[in-house]
Amino acid sequence: MSAHASHAPKRSGIADWLTTVDHKKIGILYLIAGGIFFLAGGLEALLIRLQLMYPELQVIGAKTFNELITMHGTTMIFLAAMPVIFALMNAIVPLQIGARDVAFPFVNALGFWLFFFGGVLINTSWFLGGAPDAGWTSYATLALNQYSGFGIDFYVLGLQIAGLGTLIGGINFLVTIINMRAPGMTFMRMPLFTWASFVTSGLILFAFPAITVGLVLLMFDRLFGAAFFNPDAGGNVVIWQHLFWIFGHPEVYILILPAFGIISEVVSTFSKKRLFGYSSMVFATALIGFLGFMVWAHHMFTTGMGPIANTLFGLATMLIAVPTGIKIFNWLLTMWGGQIRFPTANLFAVGFIPTFTIGGMTGVMLAVPPADYQYHDSYFVVAHFHYVIVGGLVFGLFAGLYYWWPKMFGKMLNETIGKWNFWTFFIGFHLTFFPQHFLGLMGMPRRVFTYLAGQGLELGNFISTIGVFGMTIGTILFLVNAYVAAKSSKRAPADPWDGRTLEWSIPSPPPEYNFAQTPLVRGLDALWVEKMAGNKGMTYAEPLGSIHMPNGSFLPFIMSLGLFIAGYGFMYHNYVVVGIGMVITFGCMLMRSLKDDPGYHIEPDEIDEKGVKA
Amino acid sequence: MKSWQQSWRQLFLFGLLALTLSGCGMKELSALQPQGPVAAMQFDLMKLSASIMIGVFIVVMLILTYVLIRYRKRPGQEGIPKQVEGSHTLEIIWTVIPFLLLIVMAVPTVTTGFTLGKEYNKDEALQVRVTAHQFWWEFEYPDLGVATAQDLVLPVNQKIQFTLTSADVMHAFWIPALGGKIDTNPGLDNKMWLQADRTGVFYGKCAELCGASHALMDFKVDVLEQDEFAAWAEKMKGVQSAEPAAPATANAVQGQQIFEKSCLGCHAVAGKGGKMGPNLTNFADRQRVAGIMPNDAEHLAKWLRDPQKEKPGNNMPNLNLSEDQINSLVEYMSTLKVQEIKR
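As they're listed, the protein sequences go chains L and U. For the first sequence, my numbering gives the first residue as 1, with consecutive numbering after it. For the second sequence, my numbering gives the first residue as 1, with consecutive numbering after it.
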């Protein structure tokens, strides 16, 4: 036993949530914050589609419309999709590898609060003179001072702060997965969701610096009079596009790989079979991640790079279809010969397969540069990326949430509401986005706040808007389901789905230390291996002993608050405020460095009291 | 699983319905009804890649449907399914076949890519310089000494070599019926060629978000017989190398005076005027006011009353004209014809 085995003061209520460094609680924080931003982004989408329901409508003005599309994209990608992915990664990855927490619990909390304050900063723009309005890609020149308002400053500073949080979160998961695996949990025994999280974290590590560089340059152009992107002063407008997409394309895989991981877990569990072609799935995941960095310029075929560059990037993009196809067929063959059950989680997973296949198909079509000259920046592209991000990622996230909800919250989601949730969302989704393929080919550019009557675009837009109501109902049903589950007194069992991986070997929700004894992993699908060997639970790699736990801390919250304050100082050119914010942040860093925080221990007798064997 | 299949059938029917009801869009606007060789080549590539992809989709759906029906858990079913690790044969099949399909697509992709990437000199193609502005289009024919705006006039069956740039933010130049788009980047020149196979009016759009009125940055393409085009260009050149002509009626003369005082600083007519706004030499020949409204007295007056209301964020200020002034201006501007273009 260690010399500093003192208990930290137990905090409760709000103070507990503000100070927690427990990966499970941080996962829930990510889910709540990401969920709220998802609702905001969804509301923006609803307004966008209402404006486009009929030609030449005046529901909202042109400028407001541009603010809505910008905030919809920015919010959904950076503030909703990524955090909900981080929610599941936080809640599940340490459990899947048999760890008691992530490698750096303090940094984990810091990552969350940075994301949170960055997101809040961007959204305060609505109340402080108008939201950013240059699109989520924020292309310079439109994003320069001469052509757009104050709102872009919120985008530039908010994304830098949130991006820092994502970057350190990614690094944390890389270290966690490399270092914190339980004995026997070799790389090639890791569940696919953990593998996907690992590759995604690697992509974050290399992709986020690129956008940070772009954002810093744009910040200098906007706030300090530089001219990186201003052609009148010798700048170049295309550089922003390269920096943005060197980040932006890997970002697509940062989003979709975790969904692949979730689908692999869900399909395998509910088919009662091990994942077909596990090693090729791992290989395909890594290959997609690698190729993802080689293809950014396919977002720029019409920029004027010339036929040689266009062709090379086009062919490289087509290659990604091969590992993606491998995944689809492996899922199909996983189900082949199984005993498939259809709880809501698996409905979303099965619904994912055709939907994502369509998104992938249009992706290959888009990889043909001469044809892309027609698709580019039209509604065809809007349809394509919503098939990938909603039909792929969001379906995957719903599958993951229905699957892991009992593990995260200790309550089961209601299956009847769940089925309604799936069908309304699924049908609404296809109604919304399927016609958009044709709208684009029929000549409708994206990001238009209206379209003229008599150009043949009325019907598609009308159907598309109707579909949004289905998705809205689906989302509301999910909220209802979460509320019903929270109110229910029925506890979820430890292993409600006849699971195969380690997270199902411990109670739902797990105790703060996760595993009273570190498990010994004896093969792929560690828990399934023990079930097949006739064991009741895992074999342990260590005797019951004292467990070292980290203390909670207010510092991550305050550190992020400092940057939040400094952000406003920069935007309003008030350097006193910048100074105050920076002093807060660096002061917290200093405190963290100087003050020794050894954590505390949980003794074996306490473990018994808490009823680990439950 | 009945509801599952039903919803797919509904989806499929709905897709067909959407397609048939709306056809393939308007032939003036749709990329699905190509009116020139560039759009035709692009449409061929779309059909090729779409067919291959739909083939793959059908295979996936057949396997999925079979699996979902055949291997769903039946009531009372017990036991553990065989835990299959994988199959090298299958893995190789679904790696190699997609790869071969991609090669089928890659070959025309490369050849078409380079065909469309060609640049033609002035002996091979009509040279047109396009400059995009918030939120209108400027067209110059450097070899003909002609400049116009908003309505791009082109000869049929002749290659057109565009050189494109922007005066402010990035825009993208797109005439779906004639061919795919290219960005106009401030400070840089881009090249693209197109050709129209038949005469008529085609619709052009800006495809890159460029500010509040991005959605309203439409233009028209008037494709004329080659001799008609030559006559038009000759006439334009004559008008643009002379002083603006005096109109016939007194009201229009008054309009011209207002125009010279309030408008000529930004808008050129004939050989005179600024380049801040669209050249109006042949304004009355054009299809639309400001690219969006029908070109008639009523809509022109509406535009002159409050340009910001019709096209938010554009660079034309509200001139606070009286109704009399507007009336005179409208009458004057309706005389700005060069040659009645056959529709």
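One thing to keep in mind: the hints can contain errors.
What the hints assert, rightly or not - Label pairs and their calculated CB-CB ranges:
id, chain 1, residue 1, chain 2, residue 2, range
1, L, Pro55, U, Asp197, 24 to 34 Å
2, L, Thr539, U, Lys73, 26 to 36 Å
3, L, Thr539, U, Lys82, 16 to 26 Å
4, U, Ile54, L, Ala309, 26 to 36 Å
Read the hints as simulated data drawn from the structure, not as lab findings. All residues carry an ideal CB built from backbone N, CA and C; glycine is no exception.
For each hint, the structure was consulted:
Between proline 55 of chain L and aspartate 197 of chain U the beta carbon distance is about 29 Å. The supplied range of 24 to 34 Å therefore holds. Evaluation of the 26 to 36 Å hint for threonine 539 of chain L and lysine 73 of chain U yields a pass: the beta carbon distance comes to about 29 Å. With their beta carbons about 25 Å apart, threonine 539 of chain L and lysine 82 of chain U fall inside the hinted range of 16 to 26 Å. About 29 Å separates the C-beta atoms of isoleucine 54 of chain U and alanine 309 of chain L, a value consistent with the hinted range of 26 to 36 Å.
In summary, this structure violates none of the numbered hints.
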